Amino acid sequence: MSRLRAYGPFALLLVVLVLVAFPFYWMVLTSFTPREALFRPPYRFVRLDLSLGNYRELLFATEFVRYFANSLIAAVGAIVLNVIAATLAGYGLTRFAFPGKKTFAFGTLFSYMFPPMLMAIPLYILFSALKMRNTYTGLILAHMAISLPLNIWLMWQYFQIVPPSLEEAAWVSGASRLRALGQVCLPSARPGILSVAIFSFALSWNDFTFAFLLQTDRKMFTLPVGLATFVEQTGVHWGMVMAAAVLVSVPTFLLVFFLQRYLLSGLRTAG
Amino acid sequence: MNARAERRAWIFGTTAPALVFLLVIAYLPIAYAVMLSFFKKTAFNPAMTWVGLANYRYILEEPELWNAFWRSVVFTLGAVGLQLVWGLLSALLLNRAFRGLNFVRSLFVLPYLLPSIVVALVFQWLLSQEYGVVNQVLMQTGVVTRPINFFGGLATAMWSVIGMAGWQYGSFATLLILARLQAINPKLYEAAAVSGAGTLRAFWDVTLPNLRTTLIVIALLRGIWMFNKFDSIWLVTHGGPLKATETLPLYAYRLAFEEFDFGLAAAACTVMFVVLLAGAVVYFKLFDPTREIEVGR
Chain A
2 MSRLRAYGPF ALLLVVLVLV AFPFYWMVLT SFTPREALFR PPYRFVRLDL SLGNYRELLF
62 ATEFVRYFAN SLIAAVGAIV LNVIAATLAG YGLTRFAFPG KKTFAFGTLF SYMFPPMLMA
122 IPLYILFSAL KMRNTYTGLI LAHMAISLPL NIWLMWQYFQ IVPPSLEEAA WVSGASRLRA
182 LGQVCLPSAR PGILSVAIFS FALSWNDFTF AFLLQTDRKM FTLPVGLATF VEQTGVHWGM
242 VMAAAVLVSV PTFLLVFFLQ RYLLSGLRTA G
Chain B
15 MNARAERRAW IFGTTAPALV FLLVIAYLPI AYAVMLSFFK KTAFNPAMTW VGLANYRYIL
75 EEPELWNAFW RSVVFTLGAV GLQLVWGLLS ALLLNRAFRG LNFVRSLFVL PYLLPSIVVA
135 LVFQWLLSQE YGVVNQVLMQ TGVVTRPINF FGGLATAMWS VIGMAGWQYG SFATLLILAR
195 LQAINPKLYE AAAVSGAGTL RAFWDVTLPN LRTTLIVIAL LRGIWMFNKF DSIWLVTHGG
255 PLKATETLPL YAYRLAFEEF DFGLAAAACT VMFVVLLAGA VVYFKLFDPT REIEVGR
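As given, the protein sequences belong to chains A and B, one line each in that order.
Under the numbering used here, read the first sequence as residues 2 to 272, first letter to last.
Under the numbering used here, read the second sequence as residues 15 to 311, first letter to last.
Honestly, the hints are just simulated from the structure, not real lab data.
Among the hints, erroneous ones may be present.
[As the list claims (entries may be wrong)] Lysine-lysine pairs mimicking BS3-like chemistry, simulated, CA-CA at most 30 Å apart: (1) A:102 <-> B:299; (2) A:220 <-> A:132; (3) A:132 <-> B:54; (4) A:103 <-> B:54; (5) B:54 <-> B:257.
[Unchecked claim] If you want the footprint, here are the derived chain A segments under chain B, 3+ residues with CB under 8 Å: (6) 23-35; (7) 106-115; (8) 144-151; (9) 236-246.
What you are looking at is a predicted structure, and each value in this text was computed from that prediction instead of being measured.
Beta carbons: idealized from backbone N, C-alpha and C, even for Gly.
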């Protein structure tokens with residue numbers, strides 16, 4: 002009994018860690034497993050006959066590279082527009098008093114709860130009429146709908162911890178407001194801006210719903226939409242699918258393991 | 015330019031881009047959907063005909079909307095419940111100092127930030143009936159005699175989807191709960207111990223009350239998101255088998271893109287919006303997160 006008390010929590014902890022980590026392990030291991038072996042279960046949990054064949058096939062026999070490029074273009078566009086809009090808004094909302102701020106706060110937070118499907122169906126109809134489906138502009142705008150509310154909120158909070166006294170000192174020494182903003186305020190807000198860029202990237206990179214509805218032309222597929230077609234054929238090539246899953250996850254892994262401190266402030270807001 | 019005009023120009027110039035984007039790209043589509051729900055509009059005909067409440071009458075009288083609604087409720091309760099239980103359990107286990115805690119934290123952020131497509135593909139592979147490793151283990155250990163068709167079976171599909179959502183979002187609840195646990199004053203536990211409380215009693219009297227707000231926030235926000243979740247469910251089941259996992263957003267999708275009736279789809283969207291609004295009102299009433307902004311830090 003006393004032994005159970007001592008080791009019980011550790012055993013449970015081990016189970017928890019395995020449950021979280023195993024899907025990742027299995028994804029990576031499968032991606033390096035030769036195709037023939039995947040059609041011959043049972044599988045071994047550790048294997049050394051690894052190969053890059055799945056990756057080779059993914060890169061040279063599918064449209065993966067094109068989907069990758071499309072995803073990247075959408076994400077970069079979303080980053081640029083989000084950073085501009087959210088940074089300006091954060092600055093304006095913290096440095097000036099004006100009526101309607103509370104409404105703006107509510108409106109921002111409320112729109113953060115809007116589910117993609119709720120916006121995607123009407124956007125599909127509107128973008129069809131405007132000939133904006135299957136364009137990068139349309140997709141980037143749609144992606145802003147999911148990331149901008151969070152980003153405005155982040156910058157709003159962030160500019161509150163950038164002391165206005167820094168700018169005021171610059172004004173005293175003769176700098177204009179614009180100059181003080183550019184040379185004093187923005188550099189101190191850099192971590193906040195970086196968080197905004199990271200979230201814009203992640204939300205755009207992860208989006209399935211908007212891209213699935215709006216980008217119906219194969220040439221305009223993003224990674225999530227393209228990858229979804231890999232499992233719709235019969236005789237799914239799981240090794241290659243897992244290789245694709247690994248490559249799509251690489252940016253996420255990098256963010257989590259190298260830029261975690263910028264993530265955390267935003268994740269707290271995200272609930 | 016005088017100072018007042020300049021100040022106005024600054025307020026306008028800094029807030030207008032964000033405001034315009036929010037209005038045009040988030041609020042306008044929803045307003046358009048609400049408007050559209052009063053019209054007959056199909057995918058093949060650009061014309062719109064006013065039909066009043068006919069779309070609502072149609073979908074509210076059909077059992078399909080209500081079936082989808084209740085599936086959304088089941089999925090939400092299941093997924094959120096699982097996330098809370100998993101989050102609480104794993105946070106309590108992790109709430110001790112050990113080497114590698116930082117690594118474990120990163121590991122727990124990963125599922126939450128991973129694209130839904132990755133989670134969907136990995137789970138389809140893990141739970142595959144023919145080649146899935148989970149079925150392999152279940153067979154080898156003799157738990158089952160025939161492989162389970164997790165995402166394709168009528169009885170198992172919903173539970174499998176709930177399990178997947180629990181995995182993806184639960185570990186993030188772990189981190190939020192863990193952060194709160196570590197902020198609890200240890201003196202409270204000492205006091206509980208002095209007054210003779212055991213582990214369970216201390217958990218009930220000290221830990222839970224301190225976690226209350228965190229748990230409610232997770233339940234509410236996650237609830238709102240899970241209720242309207244489309245991508246995860248669609249990717250693994252397409253709403254099947256036999257609509258067993260067709261929740262409200264999948265139902266709205268089907269009306270728009272498989273039955274090509276945008277008016278009906280818009281009415282279904284409006285129903286989703288009303289549910290969302292109710293959740294948001296409760297959240298804002300309980301927490302008023304905008305206070306944070308005014309008080310500053």
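**Request:** Compare the structure with the hints numbered earlier in the document and write down the numbers of the violated ones, lowest to highest.
**Result:** 4
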